[in-house]
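Heads up: the sequence lines are chains A and B, in that order. By the working numbering, the letter at position 442 of the first sequence is numbered 1216, and the numbering carries on one by one without gaps. By the working numbering, the letter at position 295 of the second sequence is numbered 1069, and the numbering carries on one by one without gaps.
Calculated directly from the structure, the hints in this document are not laboratory data. Fair warning: there could be bad hints in the mix.
Note: identical chains are not told apart, hence a pair may lie in one copy or across any two.
[Stated by the list, open to error] Cross-link-like lysine to aspartate or glutamate pairs, in silico, DMTMM-like; alpha carbons within 25 Å at most:
hint	residue 1	residue 2
1	K1038	D1017
2	K915	D826
3	K825	E955
4	K1117	E810
5	K927	E955
There are 2 protein chains.
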Amino acid sequence: MDKDIFVKLLQQRQYKAVRSILDVMNEVDIALLLSELEDKELAIAFRLIPKDKAAEVFSNMDSTMQSYLVQIFTEKELKELLDALYMDDTVDMLEELPANLVSRILDSVSAADRVKINELLNYPADSAGSIMTTEYVDLRKNMTVAQSMAHIKETGIHKETIYTCYVTERRKLIGTVSAKELMTEDDNMRIEELMETELISVRTHTDKEDVARIFRKYDLIALPVLDEGDLLVGIVTFDDAMDVMVEEATEDITKMAAMSPSEKPYFATSVFEQARHRIPWLLVLMFASIVTGTILTKYENAFSAIPLLVAFIPMLMDTGGNCGSQSSTLVIRGLALNEIQFKDFFRVVFKEFRISLIVGAVLAIANGIRVLVQYQNIALAVVIALSLVGTVVISKLIGCMLPMFASRIHLDPAIMASPLITTLVDTFSILIYFNIATLLFNL
Amino acid sequence: MDKDIFVKLLQQRQYKAVRSILDVMNEVDIALLLSELEDKELAIAFRLIPKDKAAEVFSNMDSTMQSYLVQIFTEKELKELLDALYMDDTVDMLEELPANLVSRILDSVSAADRVKINELLNYPADSAGSIMTTEYVDLRKNMTVAQSMAHIKETGIHKETIYTCYVTERRKLIGTVSAKELMTEDDNMRIEELMETELISVRTHTDKEDVARIFRKYDLIALPVLDEGDLLVGIVTFDDAMDVMVEEATEDITKMAAMSPSEKPYFATSVFEQARHRIPWLLVLMFASIVTGTILTKYENAFSAIPLLVAFIPMLMDTGGNCGSQSSTLVIRGLALNEIQFKDFFRVVFKEFRISLIVGAVLAIANGIRVLVQYQNIALAVVIALSLVGTVVISKLIGCMLPMFASRIHLDPAIMASPLITTLVDTFSILIYFNIATLLFNL
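Looking at chain A on its own, in the form it has when it is part of the complex:
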């Protein structure tokens, strides 16, 4: 939908046309379209959205738009909205709203819902509890398929997903039944005969990254969440797991580039926030690389005697850094996807060692020949070639070992990525280079 046409229709009060447009649009697209409107237009447009779509459009809006709407809603409008919102979307919204609006909302919900909301708000930000919803289909083992279908017909419309149903006994989860089975099995079959008892579940405090991994491993639509006492307290749905997967990848990528991760998109963070996320690591790395510089001054005699030696410093430092990044990146990603574990330590190190010998040899030959042709100096070519092999081997070993050590001591391996590795490897490449040079040139 073209924004300009939409705004023109709004301004001309052609509400019938606006309503027809909103009627055929998808909720996600409506939220996107509305995000481009001025506050006043937003208020009018939101009220023209068909009733059955309004809540989903609302849950797809960002918190600024949500705040504005909650502020201007009448008591009745707010109640209607909260009734239609799923519990996890309500909680997501509350986490972002200013305090006065939060209390306005908590005043508008029923006492029972208020208790539930407060419980959900109390789960740690990275836990399964924080992304779960409390609305699921609850069955009993002695129901028949037909009874279950009747139960879903009555209550299902208010559940975020009805495609996995949970069989409970005194609130304990004893089995699951898929809607597919209910739809394809005989009406008189009892749930007990149908239900899956090999249960895959998580706890309220399970890390949401692990939740996402389980979703992907088992291709789930929903995953039950149990409390300490094994009681079923909620479910996580696949759409939230998908978001976690993407967020976690972004977080890893951000950390790997020496920044504090931000949950907000690029344009939603201010210049100062961005600077604050970037400066700490830069400072640490800057002072760390001073060590390399200090070591360099120790070889003043060497590069005073042969100034050409300085010309190869950037090449060796960069190559070391790049080789180290390659290894650390693969290991970090492997650890994140559970393809590599700490028990594989020696296997990884041995593999990287063999790879580094091949890579080092190829780079050494290529650059050795280049130096020989350019400077007609065999000794220099040998120094460069040997330094390259040494740098590649050391940097690949450091690159693969550090992330594994980090995972061992429960640090995030992602912080052991390129920038830190590069800084460490720099020192080694300078040491290797000048020691070989000093030796071969008798400096």
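Put chain B on the given structure of chain A with help from the hints.
Coordinates of chain B only, in the frame set by chain A:
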């Protein structure tokens, strides 16, 4: 399940116990357990898996195990397996198997299936067509809810998902109905009244990365795939979209660390393959950084006069590289998630410019004071501080601009990540540093 106990039971031919264990295990876990067995044990164990689980276990195995089993299966076993496998899993398997086994399989399926399989195999590897399945629930607009449910009861068991049903008219897609609606709406309601006509669909040749993005944007369970003539030819299900999302993040991360991406996990690639994926970029970057070295030799007089100048080269190069990586990483990820587009070019550049001024100032002050205290040399402190500001600004600008240019000319922005940026930025930091030094020290 403990592997050793399982193997012991197999060896003691306690098949009843093995069958009971397999009976209560999840298909994904069975595939994992079987992957640790020897070929002979694998053959026995696979035949002990309950019939209704065998196909799903099989589709969760890697291609080596699948090859082995296809080889030893009787004609009857193979037919049973192929009947139970979903079309997309069959195609996935065929893409990995050796030619002789592929023809064995194609001989075992019906002529109609063979045509379908060949069609699916012909779609490009990164397209929606390559990950779709042709098994979906097909409804007519004049069916009632009750009729639709009866239709699903009859045919649904063989469909990969029944949770979104497709309403077609002469093979053209005219609407979708969710299983949730079928389960909660009145039995006599007609599909036409219920169906969603705001269709979200892709083409067979749509890039699978875009498919994954659409899934995430609209929280879909399945997405219809249309051919050139607008006919419905298949659907992509959310589990495949989830895999694509994770694969694409891995691919980006790998490219960002200057490697060719591999579709296989770390341990599944040989040492030679790994070396082959890593060497090309290393060679390019190594020769690129020789430029920096050559520029360095131009300032021989400067560092012969003041050898201490060399000590700051690693620090400036590293800081420039790190600053550039931060910006390029954020922009690359933003582009991948569609949070940043090329039309935001000037907004991004202006934002990064302001950030770089803050970051540069902080680093310059910190390091300037350090130099002043350590060397009691005001001129040197000023040179370092000014060089830092210049390096940070230039590297952040290069870091944010290159990925955007790449996206503009339809190159993958991920290749414009840290390693390439670092190499480019090195040259600039050396130029800035020695020009400022030459000027201020009158060299």
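Evaluation of the provided hints:
no. : hint             : verdict
1   : K1038 with D1017 : both (13 Å within a copy, 24 Å between copies)
2   : K915 with D826   : between (33 Å within a copy, 22 Å between copies)
3   : K825 with E955   : between (32 Å within a copy, 17 Å between copies)
4   : K1117 with E810  : between (51 Å within a copy, 16 Å between copies)
5   : K927 with E955   : both (16 Å within a copy, 9 Å between copies)
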